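Produce the entire structure from the sequences given, and follow the hints as far as they go.
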Amino acid sequence: MARSGTRHTATAEATLIKQARQEDAAAWEVLVRQHQEAVFRLAYLLLRDPAEAEDVAQEAFVRAYLALDTFDVERPFKPWLLQITRNQAKNRLRSLSRYWAMMKRWWQEQDPVAEPTHISRAESTLLWQAVQRLRPKAQEVVYLRYFLELSEAETAAALDIPAGTVKSRLHRALQQLKGIIEMDYVELKDAI
1 MARSGTRHTA
11 TAEATLIKQA
21 RQEDAAAWEV
31 LVRQHQEAVF
41 RLAYLLLRDP
51 AEAEDVAQEA
61 FVRAYLALDT
71 FDVERPFKPW
81 LLQITRNQAK
91 NRLRSLSRYW
101 AMMKRWWQEQ
111 DPVAEPTHIS
121 RAESTLLWQA
131 VQRLRPKAQE
141 VVYLRYFLEL
151 SEAETAAALD
161 IPAGTVKSRL
171 HRALQQLKGI
181 IEMDYVELKD
191 AI
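Letter 174 of the sequence shown, counting from 1, is numbered 174 in the numbering used here, and no numbers are missing.
No lab work stands behind these hints, which were simulated from the structure alone. Just so we're clear, the structure is a prediction, and the values are computed from it rather than from any experiment.
Taking lysine-lysine pairs in the DSBU-like style, the calculated list, with each CA pair at most 35 Å apart, reads:
id, residue 1, residue 2
1, 90, 18
2, 18, 78
3, 78, 90
Simulated restraints on C-beta separations:
id, residue 1, residue 2, range
4, 159, 187, 26 to 34 Å
5, 23, 151, 36 to 44 Å
6, 71, 168, 40 to 48 Å
7, 10, 51, 28 to 36 Å
Glycine is no exception: its CB is placed at the ideal position from the N, C-alpha and C atoms.
If you want it as structure tokens, here you go:
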């Protein structure tokens, strides 16, 4: 009895996937509603931050939708979607780690006698929140330069601005970030 119910569910899901491939927004919405709790829970388990988990869940659904044509409808959808979620969460953690490494280097340049420190996941999350308080142009230059590890020339090309503008925006962004941390994220000052 359960087996035929499972088969019916799989068939219904395959039908929804086929409809979503044909740009049926209602079918995609049903799939999202069916899996959004599991996707969010996995993201939260890996990231331990509800806002980050929500962002990663949204990114996972976008990536899944864009890759829907490559999905084999004979296979279960949920494990595939959760694998995408896991990969997005790991990418986010790597990005947070890069931010911490960048901030650690920057703080050490400001205070060369500072001891190297261990940066926790909680501190990574706080730094991410601090960076998100920067103006969009400042976030953009910090993201390209430190998250994607582009050179100043590559960052300039990506933003279609002169290299000197990248340097000045980056300098201002890091100064603003330092101020944000000193005012609202005091616990980070000792961590980086």
